[in-house]
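**Q** Sequence:
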Amino acid sequence: MKKSINSFGAAGAVIAFLSPLALASAAYSDATYGPFPVTVKGYSGSKTNSVSYTGQIARHVLHDSLKKLASKGDGGGNAANLQAEMMAYFGGSDNNKAIIAPVDKGDFNIKQETLNEISKGKNLSGKSYKGVVNGWPGQMTGAEVLASMIEHAAATKGGFDPVTGYNYPQLISKFAMGAVFYNQAVDNYLDEKLAADNKPNSKPYKDGAHYTGKEHVWDEAFGYWGAAAHSLNLSAKENYEVAKMKNLAAADADGDGLIDLKSEMTFAHAYYASSFDKGGKTNYMSTVTQAFIDGRQLISDANGENLTDAQRAQLMGYADVIGTNWEKVIAESVFKYAGSVYNDINKLGELL
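Whatever position you read off the sequence shown (first residue = 1), add 3 for the numbering used here.
Be a bit skeptical, because a hint or two may be false.
[As the list claims (entries may be wrong)] DSBU-like mimics (lysine-lysine), calculated; alpha carbons at most 30 angstroms apart, straight line: (1) LYS350 x LYS281; (2) LYS281 x LYS177; (3) LYS339 x LYS160; (4) LYS160 x LYS75.
[To be verified] Between beta-carbon pairs, the in silico distance windows are: (5) THR167 x GLU330: 24 to 30 angstroms; (6) ASN306 x ILE348: 55 to 61 angstroms; (7) ASP200 x LYS108: 44 to 50 angstroms; (8) TYR340 x ASP194: 25 to 31 angstroms; (9) LYS209 x ASN98: 24 to 30 angstroms; (10) PRO165 x THR311: 56 to 62 angstroms.
Simulated from the structure, these hints should not be mistaken for lab results.
Every residue gets a Cβ at the ideal spot worked out from N, C-alpha and C, and that includes glycine.
I would like the entire structure built from these sequences, with the hints used as guidance.
**A** Shown next, in the form of structure tokens:
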């Protein structure tokens, strides 16, 4: 129910060199991710905007809701029911599940209350890394690792295991962000699906779609990044505040008093990027988001025709900028948390 409210190549090297400098100024530009016109040849429907990444937003909400649920264990008594509920958000459900996070916070009112208001039939399990995860015991796939974490989280009190020191809400969240969001975007949509013969721009993504193959591939990668469509019109601090649900004015791009999770919220790695950028030493958010917008404009400008070799090379350059800087955001996060561990160890040493 909806709420209402009263009143990688040479091109890549060149773009990678220019991006940190030239794109930094875009933090206060008028650029938004969409709308872009429908360019599918022969399309006769009523759609006028070819942008579509609601499936990815649904997965961000599944992730946020799953993380919230992971802290609800009472030490074993509710383990079976909690595990089943968590698996419904991880593996998908035939029911229209409630959004557990993000939800209303003060005047920060969320437009959607259920997952089907964003996109139907989505899950995290089917989009998890399918290879063996050597960094986790058991030689499991990405989906198996997450299912195992969910099982253990459900049996703990508050998601924390005092024997191992594992904080399962954090483990589930960080692993899913890499095994689903980053992996799907960088190692799928911005990699093999940019090949000339994979989801060509001269055909709709699927029969009846109002977007081309390459348009939707690019949109899906952007969706996993997690930036609000209007994020380049905000400062890094404002984007961070949107993620923290502390700045309604910055989030509410259309001024309707509600935050539309489909386009007005900051999620996942885009949130981390803004958290680093607000210190003034990096420009990850603007660099990655501008490259996404520039790439989408290039595809739109092809007007439903297959990309030329030169256009595809330029697009791969944008993809390289995105992947390189996205990886740096993850590296910054690791460095941040490793530093916190180091400080904690030093404090413990002082107490002994």
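**Q** Taking the hints in turn, state whether each one holds.
**A** Hints, verified against the model:
1. Note on LYS350 and LYS281: the hinted pairing holds, with a Cα-Cα distance of about 28 angstroms set against a maximum of 30 angstroms.
2. For the hint linking LYS281 to LYS177, the alpha-carbon distance of about 21 angstroms falls within 30 angstroms, and the restraint holds.
3. For the hint pairing LYS339 with LYS160, the CA-to-CA distance comes to about 26 angstroms; that is within 30 angstroms, so the pair holds.
4. Between LYS160 and LYS75 the alpha-carbon distance is near 7 angstroms, which keeps this suggested pair within the 30 angstroms criterion.
5. In this structure, THR167 and GLU330 meet the distance hint of 24 to 30 angstroms, their C-beta atoms being roughly 28 angstroms apart.
6. Restraint check, ASN306 to ILE348: a C-beta distance of roughly 58 angstroms satisfies the suggested window 55 to 61 angstroms.
7. In this structure, ASP200 and LYS108 meet the distance hint of 44 to 50 angstroms, their C-beta atoms being roughly 46 angstroms apart.
8. Evaluation of the 25 to 31 angstroms hint for TYR340 and ASP194 yields a pass: the beta carbon distance comes to about 27 angstroms.
9. Remark: the range hint 24 to 30 angstroms for LYS209 to ASN98 is upheld by a beta-carbon distance near 26 angstroms.
10. For the pair PRO165 and THR311, the beta carbons lie near 60 angstroms from each other, so the given range of 56 to 62 angstroms is met.
Of the numbered hints stated above, none is contradicted by the structure.
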